[in-house]
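Going left to right, the sequence shown walks through residues 1 to 338 as full-length UniProt numbering numbers them.
Everything labelled a hint here was simulated from the structure, so no lab data went into it.
Hints may be right or wrong, so weigh each one.
Lysine-lysine pairs mimicking DSS-like chemistry, simulated, CA-CA at most 25 Å apart [unchecked claim]: (1) Lys91 to Lys102; (2) Lys245 to Lys234; (3) Lys73 to Lys102; (4) Lys73 to Lys91; (5) Lys103 to Lys91.
Derived CB-CB ranges, DEER-like [claimed, not checked]: (6) Ser95 to Ala163: 19 to 27 Å; (7) Asn28 to Lys73: 13 to 21 Å; (8) Asn186 to Ala223: 36 to 44 Å; (9) Asp85 to Glu161: 35 to 43 Å; (10) Gln217 to Glu241: 30 to 38 Å; (11) Val135 to Asn186: 21 to 29 Å; (12) Ala275 to Arg255: 27 to 35 Å.
Even glycine gets a Cβ: it sits at the ideal position worked out from N, Cα and C.
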Amino acid sequence: MAMVHDPRFVEDVPEGRAAIPAFIVCRNAHLLCASCLGDKRSAWPLSVHDTQCPTCHDEMLKSSQPSRAVVIKLDQYTFLCRYADAGCPWKGQVSQETEHAKKLCRFRFLRCGRCGEQYRAGFALEHNELCTELVITCPEGGADCLGAPRSGMYPRSQADEHAKKLCRNRPCRNFPFCRTRTSAANLVPHEPACTFQLEQQASARQEAATQRTLLAQSHAENATLRERAERVEKALKSASEELDKERTRRRELERECDDLADKLRDEIRRYARLAGRERDGGRGGGGGGERRSRDEQRFAPATRQSWSASRSSSVRDDRWAPVHDDASAYSSAGRSRY
1 MAMVHDPRFV EDVPEGRAAI PAFIVCRNAH LLCASCLGDK RSAWPLSVHD
51 TQCPTCHDEM LKSSQPSRAV VIKLDQYTFL CRYADAGCPW KGQVSQETEH
101 AKKLCRFRFL RCGRCGEQYR AGFALEHNEL CTELVITCPE GGADCLGAPR
151 SGMYPRSQAD EHAKKLCRNR PCRNFPFCRT RTSAANLVPH EPACTFQLEQ
201 QASARQEAAT QRTLLAQSHA ENATLRERAE RVEKALKSAS EELDKERTRR
251 RELERECDDL ADKLRDEIRR YARLAGRERD GGRGGGGGGE RRSRDEQRFA
301 PATRQSWSAS RSSSVRDDRW APVHDDASAY SSAGRSRY
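Starting from the given sequences, assemble the full structure and let the hints guide the process.
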């Protein structure tokens, strides 16, 4: 017996067993599939060939019965669902395929009770997203959009009409910056003016932000300048205090120089007196020489101490050299005076 391949069988099935479902059509138990049997009995007008068994040409039975033996034989083979091309993965016995395809398969076709369109059983949610007669709620005003109960509920096919003509809760296109809600007709003049106003407000906000940035920069620069001014002020204060100390020190040095100059003048006077006595003593005899040596021993230490103090003062601070020069001038003046 020849072997043929039926796409709905997983394995190859002998040709004589490929009729699904198989009907006994004559008294010799010859078989026809349902489609072939239907073609014969639906032909009009009926001919002799349409009433004879195509195998033995015997007259066909008026009431054909399904062959239970063929069904049992076919159940030995693995059979695919009739919706396998659509993606159904079911595999089983031939006798179970009809029940699966009509009651369980998620790829079987169902007819929508609202719009009348067909959809696959496992894709009801996807169909509801497109069903034109499914009742939906106004997305803007809710179920009571027009004020009356359920006035915002309508079939999807009427959604455009409700939104364009009836709904009074349409938001402005500038939402959320504009909270206006009104009808579509009122939004026509409102939206251009609203957009212009919002653009002006945005420009003003941008300008304000720029000014705030510039103000912050100015505050930062002012803070930097204040810090610099404080540092300069502290430096000036420190310099002023240092200058006051130097002035005080100079005055003290000047007083010391004046004292030294006075002492120097006194010593010069004493020396002049001693020189005069020496001259007078030279004239009067040797006694004057002895007195002169005693006077030199008396005044010499004071003179050396005065000159030592003067030199140490000049070495201590050379910046006050003019003061020492004045003291030298005083001493020179004293010598010339005496």
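If I claimed the Cβ atoms of Asn186 and Ala223 lie 36 to 44 Å apart, would that claim hold in this structure? Since Asn186 and Ala223 have Cβ atoms about 53 Å apart, the given range 36 to 44 Å is violated.
With the threshold set at 25 Å, check whether the alpha-carbon distance from Lys103 to Lys91 stays at or below it. holds, 15 Å
Pair hint Lys73 and Lys102, alpha-carbon separation not exceeding 25 Å: holds, 23 Å
Has the hinted range 30 to 38 Å been met by the Cβ atoms of Gln217 and Glu241? For Gln217 and Glu241 the Cβ distance comes to about 36 Å; the hint holds.
Sort out whether Lys91 lies within 25 Å of Lys73, counting only the CA atoms. Holds - the C-alpha atoms of Lys91 and Lys73 are around 17 Å apart, at most 25 Å.
Would you say the C-beta atoms of Asn28 and Lys73 sit inside 13 to 21 Å of each other? holds, 18 Å
Need the status of pair Lys245, Lys234: alpha-carbon distance at most 25 Å? holds, 16 Å
Ser95 paired with Ala163, Cβ distance criterion 19 to 27 Å: violated, 54 Å
Is 21 to 29 Å right for how far apart the beta carbons of Val135 and Asn186 are? Cβ of Val135 to Cβ of Asn186: about 27 Å, so the range 21 to 29 Å holds.
Distance restraint evaluation - Asp85, Glu161, Cβ atoms, bounds 35 to 43 Å: Given a distance of about 40 Å, which is inside 35 to 43 Å, the answer is holds.
Assuming the hint says 27 to 35 Å, is it satisfied by the Cβ distance from Ala275 to Arg255 or not? holds, 30 Å
Lys91 and Lys102 were given as a pair; does the straight-line alpha-carbon distance stay at or below 25 Å? Holds: Lys91 and Lys102 sit about 15 Å apart, inside 25 Å.
Consistency with the previously given hints fails for numbers 6, 8, ordered from lowest to highest.
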